[in-house]
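Each chain, letter by letter, is given below.
2 protein chains.
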Amino acid sequence: MARVLYELAGTDPARRFSPYCWRSRMALAHKDLEADYQPWRFTEAESLAFSGQAKVPVLRDGERVVFDSGAIAEYLERIYPDRPALFPGTPEASRFIVAWADTVLNAHLVRLIVSDIPQWLGEGEQAYFRSSREARFGKRLEEVTEGRETRLPAFRAALEPLRATLREQPFLGGEAPAYGDYAVFGGFQWARVVSPLVLLEADDPVAGWRERMLDLFGGLARATPSCGT
Amino acid sequence: MARVLYELAGTDPARRFSPYCWRSRMALAHKDLEADYQPWRFTEAESLAFSGQAKVPVLRDGERVVFDSGAIAEYLERIYPDRPALFPGTPEASRFIVAWADTVLNAHLVRLIVSDIPQWLGEGEQAYFRSSREARFGKRLEEVTEGRETRLPAFRAALEPLRATLREQPFLGGEAPAYGDYAVFGGFQWARVVSPLVLLEADDPVAGWRERMLDLFGGLARATPSCGT
Numbered sequence: 001m002a003r004v005l006y007e008l009a010g011t012d013p014a015r016r017f018s019p020y021c022w023r024s025r026m027a028l029a030h031k032d033l034e035a036d037y038q039p040w041r042f043t044e045a046e047s048l049a050f051s052g053q054a055k056v057p058v059l060r061d062g063e064r065v066v067f068d069s070g071a072i073a074e075y076l077e078r079i080y081p082d083r084p085a086l087f088p089g090t091p092e093a094s095r096f097i098v099a100w101a102d103t104v105l106n107a108h109l110v111r112l113i114v115s116d117i118p119q120w121l122g123e124g125e126q127a128y129f130r131s132s133r134e135a136r137f138g139k140r141l142e143e144v145t146e147g148r149e150t151r152l153p154a155f156r157a158a159l160e161p162l163r164a165t166l167r168e169q170p171f172l173g174g175e176a177p178a179y180g181d182y183a184v185f186g187g188f189q190w191a192r193v194v195s196p197l198v199l200l201e202a203d204d205p206v207a208g209w210r211e212r213m214l215d216l217f218g219g220l221a222r223a224t225p226s227c228g229t
Numbered sequence: 001m002a003r004v005l006y007e008l009a010g011t012d013p014a015r016r017f018s019p020y021c022w023r024s025r026m027a028l029a030h031k032d033l034e035a036d037y038q039p040w041r042f043t044e045a046e047s048l049a050f051s052g053q054a055k056v057p058v059l060r061d062g063e064r065v066v067f068d069s070g071a072i073a074e075y076l077e078r079i080y081p082d083r084p085a086l087f088p089g090t091p092e093a094s095r096f097i098v099a100w101a102d103t104v105l106n107a108h109l110v111r112l113i114v115s116d117i118p119q120w121l122g123e124g125e126q127a128y129f130r131s132s133r134e135a136r137f138g139k140r141l142e143e144v145t146e147g148r149e150t151r152l153p154a155f156r157a158a159l160e161p162l163r164a165t166l167r168e169q170p171f172l173g174g175e176a177p178a179y180g181d182y183a184v185f186g187g188f189q190w191a192r193v194v195s196p197l198v199l200l201e202a203d204d205p206v207a208g209w210r211e212r213m214l215d216l217f218g219g220l221a222r223a224t225p226s227c228g229t
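Heads up: the protein sequence lines correspond to chains A and B, in order. Be aware that the first sequence starts at 1, since it is given in the numbering used here, and climbs by one per residue. Be aware that the second sequence starts at 1, since it is given in the numbering used here, and climbs by one per residue.
For the record, the hints were derived by calculation from the structure and aren't laboratory data. Among the hints, a few may not be true.
Said to hold, decoys possible - Some but not every residue of chain A turned toward chain B, in silico, with C-beta under 7 angstroms:
id: 1; residue: Asp82
id: 2; residue: Phe96
id: 3; residue: Ala99
Being a predicted model, the structure only gives us computed values, none of them experimental. Even glycine gets a Cβ: it sits at the ideal position worked out from N, Cα and C.
Please build the complete structure, drawing on both the sequences and the hints.
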C-alpha cells in the first residue's frame with residue numbers, strides 16, 4: 001500500500017500507545033483514508049532514516065514523507081481538501097486546544113502513568129525508555145507515579161475546560177469531532193492502552209465523550225489492546 | 001442610536017471593567033459595528049428589565065435584545081455574516097478556548113484582583129459587591145487576595161497553553177484575532193482596568209499578545225481608564 005503510518009508499538013505489535021500517533025491515526029480515519037499501520041519501536045531509529053529524523057508518527061504517502069503529528073494533520077487537510085474537514089476554520093484556530101493537550105493534559109498524564117509503560121516493552125526498549133525518561137524527571141519512574149491516586153483530584157480539576165465544553169456539546173468540534181478532539185483523545189488513549197489507573201469518574205461528561213471517541217470509525221480506538229479503562 | 005451595549009462601569013462611567021462586557025465590545029469592533037456603550041452599575045437591575053434578566057452585557061440591536069456574552073457573539077455572527085467572521089469555522093469550535101478563559105484564566109484572576117474592585121465603585125455598589133462576593137468566597141475580599149504575589153508563579157504556569165500557542169502565531173485565531181482572543185483578552189483587560197498588580201513578565205509571549213490586543217481597533221482597549229499594567 002502506498003500510504004504508511006509508522007506508529008509506536010510495544011512488544012505486542014498491536015499495542016499502539018503513543019498519544020501523538022493516535023492523533024494521526026484518528027486524523028486518517030476522519031479523512032476516510034486507508035493506510036498500512038506499521039509498528040515501530042524506540043530502538044529502531046534507523047528505520048525512520050528516510051524521514052530525516054527519528055520520531056514517530058511518520059506518514060509516508062506515496063512519494064511524500066511527513067513527520068510530526070501536527071504537520072501530518074495539516075498535510076492531510078491540505079492534500080485531501082475534498083474529504084471531511086479536520087480543522088473547523090483553519091489549523092491555526094485549533095492550536096490552543098492542541099497546546100492545552102500537550103502542556104496540561106499530557107503533562108498531568110505522564111506523571112500518572114509513566115511507570116506502567118516499561119512492562120509493554122522489550123528489553124532493549126525498556127532500557128532506552130527508563131534511562132531517557134528518568135533523566136528527564138530526575139528520578140525513577142516508580143517515584144514519578146508514586147501516590148498517584150492522591151493526585152487524581154487535581155488531574156480531574158485540570159480537565160474543567162474540557163468538561164465545561166462537553167456539557168454544552170458532544171465533541172470539542174461541536175456536533176461532530178474535529179482535530180482538537182483527536183489531539184485531546186490521544187492522551188486518554190495512551191493512558192487506556194498502558195495503564196489500569198481509573199482516570200475519570202463514571203458520571204464525568206469527559207468520560208461520556210471518551211466513550212463516544214472510542215466508538216468512532218467502527219470502534220477503531222476501542223479495538224486496540226488496552227488495560228480497559 | 002439603534003444599537004446599544006450595556007456594560008458594567010465604575011463610579012467613573014468610563015471605567016468599564018467586566019471581562020464579559022469586554023468580550024462583547026471587542027466583538028462589535030471586530031464586526032465594525034458602531035454602538036452606544038451605556039454604563040451600567042451593579043445596583044441598576046431594574047434598568048435591564050427590558051432584557052428579562054439582570055446581568056450585563058446586554059445588547060439592544062434595534063428591536064432585538066440579546067444577553068450573555070456568548071449569545072451576543074453568536075448573534076452578531078448570525079445577523080452580520082457579511083462582516084469579518086468572529087468564529088473560525090463555527091462558534092462551537094471556539095467553545096474550548098472560551099471555557100478555558102472562564103474556568104482557568106478568570107478563576108485565577110478573580111483571586112488575584114477581586115479586592116482591588118470596590119475602590120472603583122459607589123457606596124451602594126460597594127456594599128452589593130462585597131456581600132455577594134464575600135458570600136461566594138466565604139471570606140473577606142482582602143483575605144482572598146492576601147499574599148497574591150506568591151501565587152503569581154502558579155498563575156503564569158497556568159497560562160502555558162496560551163503561551164505555547166502564541167509562540168507559534170500572533171493571535172489565538174491565527175494571523176488575525178478571533179472571538180477566542182477576545183474571550184481571553186477580556187480577563188486581562190478586567191485586571192488591567194481595576195488592579196495595579198503586574199501579572200506578566202515583560203518577555204512573556206502572552207504580554208506581547210496583550211499589547212497587540214490593546215492596539216486593535218485604533219487602541220480601543222488601551223484608551224479606557226486603567227491601572228496601566
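Results for each hint:
1. For the restraint placing Asp82(A) at the interface with chain B, the shortest Cβ-Cβ distance is roughly 17 angstroms, beyond the 7 angstroms limit, so the hint is violated.
2. Nearest Cβ of chain B to the Cβ of Phe96(A): about 5 angstroms, under the 7 angstroms cut. The hint holds.
3. For the restraint placing Ala99(A) at the interface with chain B, the shortest Cβ-Cβ distance is roughly 4 angstroms, inside the 7 angstroms limit, so the hint holds.
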